[in-house]
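Student: Spelled out, the chains give:
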Amino acid sequence: MSAVDEMGLGEVGVVASEALREILARAVGGSPVASYVNERPLSWDSVRQGDWDMLGAAEEDGGAGASLRDLVELARVWGSAVVPSPLVPTLMAKRWSPAARACAGPVTVSVPTRASGGRAVTPFGVEPDVRVLLDTEGDGVVAKFVVVGADPYAPSLRLAEGGQATTWSGVAAAELRVVWAAEATGCASRMLGDAVAYVKERQQFGQPIGRFQAIKHHLANAHLLAEQAETAVILASLEPERAPAASRFAFDASLRVIEIAVQVHGGLGFTWEMGLHMYLRHVSALRELAAGLPA
Amino acid sequence: MVAATTVEGAARSRFRRDAEAWLAENVSEYWRQHRGALEEAEETRIRAEWDRKLYQGGYAGLSLPVEYGGQGLGLAEEVAFGELAARAQAPDGLGRIGKILTAPTLIAHGTEYQKSTYLQPILSGEHVWCQGFSEPGSGSDLASVACSARRVDGGFLVRGTKTWTSFSRHSHRCLLLARSDESAPRYRNLSLLLLDMHASGVEISPIQQISGSRHFSETHFDDVFVAEEDLVGEEGEGWKMAMTVLANERGAVEGITRYVEIRADMDLLLECCSQPGEAMEQLESLNIRVEIVRTQVSKAVSRQDDEVAFLRSAMVLKVMWSELWQELTSLAAKLSCPVHRAHWRHQYLESRSATIYSGTSEIQRNIIAERVLGLPK
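Top to bottom, those sequences are chains V and H. Under the working numbering, the first residue of the first sequence carries the number 136, and numbering increases by one thereafter. Under the working numbering, the first residue of the second sequence carries the number 22, and numbering increases by one thereafter.
Take the hints with a grain of salt, since some may be wrong.
To be verified - Computed footprint of chain V on chain H; a stretch qualifies when at least three of its residues, placed anywhere within it, have a C-beta under 8 Å from a C-beta of chain V: (1) 306-312; (2) 317-323; (3) 328-338; (4) 378-389.
Said to hold, decoys possible - DSBU-like, lysine-lysine: derived pairs with alpha carbons at most 35 Å apart: (5) H:398 - H:261; (6) V:335 - H:136; (7) H:261 - V:335; (8) H:355 - H:398; (9) H:74 - H:261; (10) H:261 - H:136.
Source of the hints: derived by calculation from the structure; they are not laboratory data. Ideal Cβ placement from N, Cα and C applies to all residues, glycine included.
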């Protein structure tokens, strides 16, 4: 298990991300995002049963004590499937706050973003029974979330707009920015894999389009960006002073990878049904949220 | 397992501490102060002396096996030493080609005679080697080399021209790729020879680059004799061996060395741009990309036991650092302050070559697409 030693990755990170990969494979397999993005392929009960929401909490608080580096690995796996479930905000809220840990159901956070004109944006805010963490510091305050308006842009994030925003500690904001960026890099790696598979199959001019140098260079660029995006979030988890810039880089690079994936899918790339836009929506919405977190 | 990792970690940090102390003691203040402004003869003397110091200090051939005079350590130590040496502004020895290219090739494919004759002087710094692969007519299409090795009694006669040869004026031997069989099919018609650069018929003409510097030469061979015992491996197998050699050339050690140099340029740019204004965002992005290069090298090293994972993370390094350095020097030339104008003008021109030598960015992208992503040829 030399991977345990990989760039500070702990045993929790290795074991949990492997298990999560299997759970996601069972829940959605390789089916296209568009087919499940409005459903609930992963129930909250199954998340609870596996104690997934407690992974990031310290061991003395009843959690698994995952480090930020471990959470980066986990978020990358999570990002590969774009399953609509409030797991990431919940496990982060329970990492920081006793009040969040006292909740059995999902807990989310709320961020005023520039793009929403300073109104609070709440991922999974339109989900029933969701609570929102209003203060990441001290004992924390958790409230029932009252939906003001729904933003349908990214179905996988079930965004709500309006309502009360979370008060952020520096550490909580910094950690969530890194984890959201890691989720974006997971989306990018998945899209790159799908694009590579597609260009090996798709025939034009009597041969797979992946044989054309124009396509090869697009995907080589996508690989360069996906590799660097992964490296950036690892760096962000290990060196806090570089985390904001590294996270910003990771978001931009990941989005570019997905754009390239859309391009090489040709006409299919811009059909609703194929669903590649769900990744563009998911990652660009996460980028807006991350940009709204206090520096 | 955890205990073994900790022992390994402790040995590595001891290695770093020792190397750092050794470098502090051995890189002369004179070199640090005057490097870049020395007469060629003096620079050459200091660089040759550096090779001998490395050997005496036990830092030559870190990852080569002990039985061949190496240190028997691994890639992690090579990378660590590369980083520390660059930080200490140590000279670049003249022995690089011998250590990185010739020695691993001979260890893998050489005869007992070749190993016992050539390895020791390479490590000790006594013999400088150059690489005779590229030709005026064979750049990216390396398999098309036309320089010929014609069979004669007791060996070969080499005729042709090699180009972009580094260190050729100081070299004792050349690791040469030549066409030994006109009738054999492509990839099966080349042989790898160990050519004596002091033999009669060798002529060297320096090439001046766009920045004004002269790092390379064109080398002409007019029926230069190479003895039979200086043929490496089988006749006609040169291409396969050359490919292994080139895989050694591109990699983690170069990546970390370049990181340190680019880091220094980045620090200078951040310091000299006192009014960055609209360039702020570009500077932030370049700055984090420099650190991503460093982390990318560590990531590649940490995955070295898994061939696929290693390739995935290591194959991007050349494009990453070379294109980053170009973007950095382009921005610096645009924002240039009067104090550092000469430096940025030079770096701007000098960095143009980085995306061309050692495999152009275009060839690198083909390799990434075909070997890493598995797209059809």
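Student: Does each hint hold? Answer for all of them.
Tutor: Verification of the supplied hints:
1. 306-312: With 5 residues in contact (Cβ-Cβ under 8 Å with chain V), the coverage given for the segment 306-312 of chain H holds.
2. 317-323: holds (count 4)
3. 328-338: holds (count 3)
4. 378-389: n = 5 at 8 Å, threshold three: holds.
5. H:398 - H:261: holds (18 Å)
6. V:335 - H:136: Roughly 45 Å separates the two Cα atoms, so the pair is violated.
7. H:261 - V:335: Distance ~27 Å between residue 261 of chain H and residue 335 of chain V Cα, so the pair holds.
8. H:355 - H:398: Outside the cut-off at roughly 40 Å; violated.
9. H:74 - H:261: Given that 35 Å is the threshold and the Cα spacing comes to 34 Å, the pair holds.
10. H:261 - H:136: At roughly 19 Å apart (the allowed maximum being 35 Å), residue 136 of chain H and residue 261 of chain H satisfy the hint.
The structure does not agree with the numbered hints 6 and 8 stated previously, though it agrees with the rest.
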